[in-house]
Amino acid sequence: MDDRQFILSSSPHIHSGESTPRIMYSVGVALVPAMFMGVYLFGFRALWVMLLSVVAGMATEAGAQRMMGRKVTVSDGSAMVTGILLALNLPPPVPWWLVVVGSAIAIVIGKQIYGGLGYNPFNPALVARVILLISFPVQMTTWAKPSAALSRTVDVVTTATPLGAMKTHLLVKGTLEGFTMGELWNPFIGNIGGCIGETSVIALLIGAGFLLYRGYISWHIPLTFIGTVFIFSGIFWLINPNQHMNPVFHILTGGLMLGAFYMATDMVTSPVTYRGMMVFGAGCGAITVIIRLFGGYPEGVSYSILLMNAATPLIDRYMRPKTFGWRAVSPR
Amino acid sequence: MKRLYLFQGGVHPSGQKISQNAPIEELGAPDRVVVPLSQHIGAPCEATVAPGDRVKKGDRVGQATGFVSVNIHAPISGVVKSIGTFPHPVGRPLPAVEIESDGEDTWADTLKPREDYMDLSPETLKEIIQDMGIVGMGGAAFPTHVKLSPPKEKPIDTFIINGAECEPYLTADHRLMLEEPESIIAGARIAMRILGVTRGIIAIESNKPDAIEKMKELTEDILELGVVALKVRYPQGAEKQLIKTLLNREVPFLGGLPMDVGAVVQNVGTLSAIFKAVRFGIPLIERITTVTGSGVRAPKNLRVRIGTPIKVLIEACRGFTSEIGKVIMGGPMMGVSQHSLEAPVVKGTSGILFQPVAEVQAVVAQPCIRCGSCIRACPARLMPTVLGVFAQRDMFEEAERCDVVECIECGCCNYVCPAKIPLVQLLRYAKAEVLARRKAA
Amino acid sequence: MLIAIFCLSGLGLLASLGLGFVAKRFAVEVDPRVEAVERLLHGINCGACGYPSCSQFARAVVEQGVSAVGCVACGEDTAMAIAEVMGVEAVLAEKKVAVVLCKGGRGESATKFSYRGVEDCKAAVIVSGGDKACPYGCLGLGTCKRVCPFDAVVISENGLTVIDTERCTGCGICVKECPKGVIQLVPAGKEVSILCHSTEKGAEVRKKCEVGCIACETCVRVCPFDAIFMEGSLAVLDHERCRVCGLCIVRCPTHTIEGRDRVFPRVEIMADTCSGCGICSMICPVNAIEGEKKEVHQVSGERCVGCLLCIDRCPKEAIRIKAPADSTLGVASQ
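Chains as they are written, first to last, in our numbering: chain S, -19 to 312; chain Y, 794 to 1234; chain L, 1027 to 1360.
With the rest of the complex left out, here is chain S (with noise of 0.2 Å):
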């Protein structure tokens, strides 16, 4: 009934100023790099794809709240990044019809239907990804060879990836003899085979230096995966390096950059703690290396990121931080 009264709200009474578009549109500040280096790499086919993805999932996102009856976030920039990420891990020859449905599946069966943003359990890019991967196996497998400098030739050349190629081998041939992974400066820059953001070591790098300067990732999750894949890779070629590859040619190749610094650390569904996350990051590293190495498929970094978000609710109950006082730390 009084016309001017104060504001009561419970302590604290600022904020810091960080908020949820911040964060996420500093990981897509973080990607352009890598964004940059697809086209580059790619040709805009490769741009057509990521804007098809970003569109498709943020219209995907805006519908789906619509009909559940939920306000409208799309603004919040989560739909975007999804959709880059996405696009990242997509071949670049890929059909548009394919982007659309992938960006579709992200969103709806990725996040939608737990509830939306902080509730969904995968990382909605990998669902995606992953469910092409299994549906559309020809499509999601047939790699372009990436062509330098823009060419605007609209055949594309199809290449392997390199732990394609090293699969291929080893199954025709027995053996990896004979098998050289070339030049390391091209997985560094991107000129391999693969999807449209996962070659390019070095912008995935920039970007990720980014994040972790802003501190919207830790190191904690993708030392430890890549380390991981790094030390359990090592293993195995010292004691066949007939059979399997070098360290070097694991950590640089198949997205495991892409992966270890903007998939794993993915907020909603890693651990909370810093503990938990080196038990995530090497739970993701192991895994990797045992798909590559001895499982069907070449490449293995969608797989245990998924596999390790399963399990992040059980880590998160194991590694809480012990209350402070919980035990008199110097005795006296």
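No lab work stands behind these hints: they were computed from the structure.
Owing to the predicted nature of the structure, the values given are computational and were not obtained by experimental measurement.
One or more of the hints may lead you astray.
Said to hold, decoys possible - No farther apart than 27 Å at their CA atoms in a straight line, the calculated lysine-lysine pairs in the DSSO-like style are these:
| no. | chain 1 | residue 1 | chain 2 | residue 2 |
| --- | --- | --- | --- | --- |
| 1 | L | K1227 | Y | K874 |
| 2 | Y | K947 | S | K302 |
| 3 | L | K1342 | L | K1320 |
| 4 | Y | K1232 | L | K1342 |
| 5 | S | K51 | Y | K1213 |
| 6 | Y | K1232 | L | K1202 |
Using the hints provided, position chains Y and L relative to the given structure of chain S.
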């Protein structure tokens, strides 16, 4: 240089110490004061005066009831107008003594100065402290004599003088350290005599270099007192975090106290008050309060009589700059927002912050994205987001198992949360429920 | 193809055999009555009986002989049915419903400040006891709605809690949870309630709320059954004595007393049996009956509030309830 041990968590809000260069100003006696009978943690006082009684400045008007309780005194001379319920900073009306000034502001003749105070026995000193109504002036208002009475089986080896003042905006302790450092040191020596401690550490955040300098200068010849510059981080001034930083001891949870790890912490304002009480016999009837925020024209550090209504302080600071959205008693991280300008300054009022409408934080909680910022920011090493979910779903047993009662309500989790979830409120709710259930069981 | 069919069938057979074996081998003996009782119960585990779940309550009923009436949520019929299963006689408890003792919604009662925070009463009281000026008032943030297992609580547009008496089972969970203690259990069917529980002085209440009890004591005076008494500055209704006449409802100046949408009866006098003794006109608390001695008396439909006092007292049994028409209470109080 003393080695510091960092506590986990914490945040770095902008200091906003806009009043740090404003010297302490006397506000003087207002026309009317409302002195609540409950200004400390523990049993409220019983009024010892009746309406119509004449009182002088320093006369006792409320009698402590029990050990965890202290007396209260008349901050002005005048007539007791009424004893009833009046607005209180906690938000609901509580019993208080209303005194109208006679304009004389004369001291009571019962004041007892003591030249030889350092020869008094610890017991006598503690009695004086309780009698003079001294409580912790950093905000919690816990009766000081209780903290100075550790049981024999808990020997104290370190006395910590808390001048961290880690809350943004507040500068009352800072100014006190600059302007009356001698009283703080003398008060510390009294407290150390009571405790029988020979090591005292004056802890000041490094954003107050002048205060650190001053204290170092004055303690140069005092062997048992040392000054430590702390890294600026909120909540560095919280008792448990301070002990951890200085001594690398963690106060045990489940109701542990600093004395369990051999330390006692007192705020600089409290020590100054102890000195005045013991040396001059002056009870706690005034304190330094920072009136600040972009809502007031002239942010100041005022020496305010206890019981002065907030609105009197506003006039002293030349009024509001714009429409005020929030009036916060205390600092922005832990302060209590007020709904009435009639609420009086109490013993624990370290500052009053005026936030214009435009600065008031909106509370529009979005879903948690499990970023974990709150967990990394929590100095008690809890998982605020998880506890918040428990609170929302009334899962109090789970919340108890995750130590929700160890939350110190510092506000760090809430401050960093990108989804702007009112975590502190949820945790306070869960805490209250858990404690109520424990009591019932 | 054939191999596949055989393989799968064999696998299925093997699995089903295993399942069957386990079911037989590790079966847990349960008193069939426990299951029977459990089937009769609501099954929503509201906890009002004091047991954590319906099945545990069922076990207590069967094994420890706890009375089925302990389930407040189930109706009489269920209690009877359970008693039948157990082969005992059911002693029925009076059915109760919850009522919110506050009528001051956002439109009628004043606030102290504008609250921002968690939308829940119990969390909101942490902030200066809630935003309502009246410390007793319903905050309308819906803690009761959240805890009600029967969906019987509605928060009105006016920010006031309203209980759907049809759905309310009187389990009392909301009564326990309400931080303002504003909800009370009253006997079902007793439709009159004084919707204010502020013990503040009348003048204070008037400042804060348009519909609060201002302790004018009008209701105490008009009640023909002495069912209302003053507890300090608050009128309190004794539901045992209340005869639901509705007189207080009409007379309360602040409209604090309410009868929940019940159709209050009106009486009429049968001309052929009335002897004109005049007892009814004497005892009628609202002077709704008029007539000369020895003549047939008349009931003024406008004034009658349906207290039915006259029916009890008429020596000739000449007064009866008129068929309900439009005379609902809402109309009467306006």
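Hints and how they fare:
no.	hint	verdict
1	K1227/L - K874/Y	holds, 21 Å
2	K947/Y - K302/S	holds, 25 Å
3	K1342/L - K1320/L	holds, 13 Å
4	K1232/Y - K1342/L	violated, 62 Å
5	K51/S - K1213/Y	holds, 17 Å
6	K1232/Y - K1202/L	holds, 16 Å
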